[in-house]
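Visitor: So the protein lines, in turn, are chains A and B. The opening residue of the first sequence carries number 1 in this note's numbering; numbering runs sequentially from there. The opening residue of the second sequence carries number 1001 in this note's numbering; numbering runs sequentially from there.
The hints are simulated quantities; they were obtained by calculation from the structure and are not laboratory data. As the structure is a prediction and not an experimental result, all values here were calculated from the model. Keep in mind that the hints are not guaranteed to be accurate.
[What the hints assert, rightly or not] So the derived label-pair ranges between C-beta atoms look like this:
no., chain 1, residue 1, chain 2, residue 2, range
1, B, Val1243, A, Ser171, 51 to 57 Å
2, B, Met1254, A, Lys249, 39 to 45 Å
3, B, Ala1336, A, Ala159, 47 to 53 Å
[Said to hold, decoys possible] No farther apart than 25 Å at their CA atoms in a straight line, the calculated lysine to any residue pairs in the SDA-like style are these:
no., chain 1, residue 1, chain 2, residue 2
4, A, Lys107, B, Ala1240
5, A, Lys107, B, Glu1238
6, B, Lys1107, A, Arg239
7, A, Lys338, A, Gln55
8, B, Lys1338, B, Asp1179
9, A, Lys107, B, Asp1179
[Stated by the list, open to error] Here are some, though not all, of the chain B residues that point toward chain A, as calculated from beta-carbon distances under 7 Å:
no., residue
10, Ser1099
11, Glu1103
12, Cys1104
13, Glu1106
14, Thr1120
15, Val1222
16, Pro1241
17, Leu1269
18, Ala1295
19, Leu1300
All C-beta atoms in this analysis are idealised placements derived from N, C-alpha and C, irrespective of residue type, glycine included.
Here's the letter readout for the chains.
2 protein chains.
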Amino acid sequence: MIFHSSTALPTEAEKYLSIGVESMSITIKDVAAKAGVSVATVSRVINSKGYISDQTNQKVKAAMIELNYKPNIAARTLQGKSTATIGIIVPSLENPLYSELFECIEKELYKRHFQTLLCTSNNQIQKEKNYLSLLEANRVEGIISSSHSKVLEEYKETALPIISFDRKISSKIPTVRGDNYAGGKMIALEIVKRHKKNVLILSGSKEDLSPGNDRIKGITQVLKEKRISFTTAALPFERAPIVKKELAKKAINMDTFDAIICTDDLTALIVCDLTKKLTTPPLVTGYDGSSFIRAYHPELVTIEQPIQEISELLVELLVQKVEHPLIELEAEYVLAVKLVGKSEFN
Amino acid sequence: MIFHSSTALPTEAEKYLSIGVESMSITIKDVAAKAGVSVATVSRVINSKGYISDQTNQKVKAAMIELNYKPNIAARTLQGKSTATIGIIVPSLENPLYSELFECIEKELYKRHFQTLLCTSNNQIQKEKNYLSLLEANRVEGIISSSHSKVLEEYKETALPIISFDRKISSKIPTVRGDNYAGGKMIALEIVKRHKKNVLILSGSKEDLSPGNDRIKGITQVLKEKRISFTTAALPFERAPIVKKELAKKAINMDTFDAIICTDDLTALIVCDLTKKLTTPPLVTGYDGSSFIRAYHPELVTIEQPIQEISELLVELLVQKVEHPLIELEAEYVLAVKLVGKSEFN
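All chains, full assembly: derive it from the sequences and hints.
Guide: The following block contains the structure:
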């Protein structure tokens, strides 16, 4: 699909238009003249397409920086070259973390006059691949992906600017995430503070339990240091809640645990429901701390990811990459998290 | 924005293409010839635009029916005249009812090779109006709206096919909804069955408490018949949960209630949290029964709206209206609801 377009938000058209016009003073022609190359070559550099020698690449880059050239989105929209559309890929909206992340991102993009095209992959690899093709065919300006499935190769091949939430896709695609290692440690320190002795760690998938997973690394490092015994088990997060409940029941009954650490809040809700009628229910902890969970389950001890800040940064970085394709971004942006939920001691 | 387009889902392009070609045998020209009018007139009839006399309207309609003419979406997409895109307007994804409704609708549309453009109005009238303009500018094929705010005039003015969820927009826009009156009665009968004597009815807005609201009508009719005393109060649903919590606290403390009927599940969760530590907590009931609530709050007594069936019907009706603009649909499609949640008696 091809969009050509004038108005992303008709009622704000004037404001929009003025932004576009303002930054149109330096054009791709000026850059080409300055660098002593053709307009087509500059275009290839901007869009990272076709062969460009290192020397030419550097010359064009230097000219763009010197002239402060910005391929402005609004201007390109007015010229019919931009779609002012950003694709958002999330695994599912069932988890309030993702519906909230989408809402925050959408609000940020709306403020900046972008429309959003939401793609829910439902953890189906083929669906995610189809949507990625669809986004390219729709000529979106860029993608924010918070996917969980393994469509890594396709992401690497696309020429579109991408920013990833939480998951590292490749060294070239910047990731924005909460500090999972610190979050894991905070949870484990809470376990220590409450004098728990026998811990079950329940994660969403086997992959999540790998030592490469920072949450697990933070949790287990503290538990080992403090010589607290622990057992791990995985509940595949893509399974229906009723299946997860049965699997959780089995895991819980493996031993008499006085604390159950869950690597996401939804698993924690299932475990709370399963254990609340025991004479001495274990401490159950979650992870993510979306507004929904904070509002409707204020007592749950969990790690709050700063979803608002994460969304703002995802949008800010993506817009930078769209407007300045040559910009060098960090590989990772890690934001602080915090422990929330009612303490036993107050 | 204008889309022209070839592929909605590249991987299924062949299947898609064959559907398109198959139904291209009868064209708008054939209809015009049969009816003895111009192609422009047939187009005006199809798109319900401009003045058409009743007589002409009937002639064209008869010709279309006789020739079995279908302005097929896939064919129009191939010709660059269709966008294969449907706009979905929801107030917010915070309520699991709406995130689930969106996911179900998206899955249905994906199966039928439509892409979706999600618009979250966040209960802001201006945002909803902007999005409605945006959808028109994007040339979406049609709209499914589950909006709550008062943008009625704008909806009436658009020429796009619209199907509404739950809320009646106008007599010309079909509504698909659960049977709110029956649901209200079921809740009240459960109150009767459990011998409750003093009931608080908490609704999302003052408007919801109007006698025109079918849920309230069903509830109060039964309570009056059974001579059970009740009090009503409204918690504006667009307020933050923390504000709603304070307002709920005041309402609950007005009297000693042994049952609190909430007209949505999220309000019920707040009330459950506020009352669970009382020595004799009141019965708290909700409404909507999304999968999320059923999975994570299985004990909540609530009315389950058939979201899957509602979504299928919304999509089916909208696609019918897109493919056969002259089709006469019912003003309302009302689906059965059911009482769910753990009973005191089992």
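Visitor: Would you mind marking each hint as holding or not holding in the structure?
Guide: Structure-based check of each hint:
no.: 1; hint: Val1243(B) - Ser171(A): 51 to 57 Å; verdict: 45 Å, violated
no.: 2; hint: Met1254(B) - Lys249(A): 39 to 45 Å; verdict: 41 Å, holds
no.: 3; hint: Ala1336(B) - Ala159(A): 47 to 53 Å; verdict: 50 Å, holds
no.: 4; hint: Lys107(A) - Ala1240(B); verdict: 17 Å, holds
no.: 5; hint: Lys107(A) - Glu1238(B); verdict: 16 Å, holds
no.: 6; hint: Lys1107(B) - Arg239(A); verdict: 17 Å, holds
no.: 7; hint: Lys338(A) - Gln55(A); verdict: 47 Å, violated
no.: 8; hint: Lys1338(B) - Asp1179(B); verdict: 9 Å, holds
no.: 9; hint: Lys107(A) - Asp1179(B); verdict: 33 Å, violated
no.: 10; hint: Ser1099; verdict: 4 Å, holds
no.: 11; hint: Glu1103; verdict: 6 Å, holds
no.: 12; hint: Cys1104; verdict: 11 Å, violated
no.: 13; hint: Glu1106; verdict: 6 Å, holds
no.: 14; hint: Thr1120; verdict: 6 Å, holds
no.: 15; hint: Val1222; verdict: 29 Å, violated
no.: 16; hint: Pro1241; verdict: 4 Å, holds
no.: 17; hint: Leu1269; verdict: 5 Å, holds
no.: 18; hint: Ala1295; verdict: 4 Å, holds
no.: 19; hint: Leu1300; verdict: 11 Å, violated
Of the numbered hints given earlier, the model fails hints 1, 7, 9, 12, 15 and 19; all others are met.
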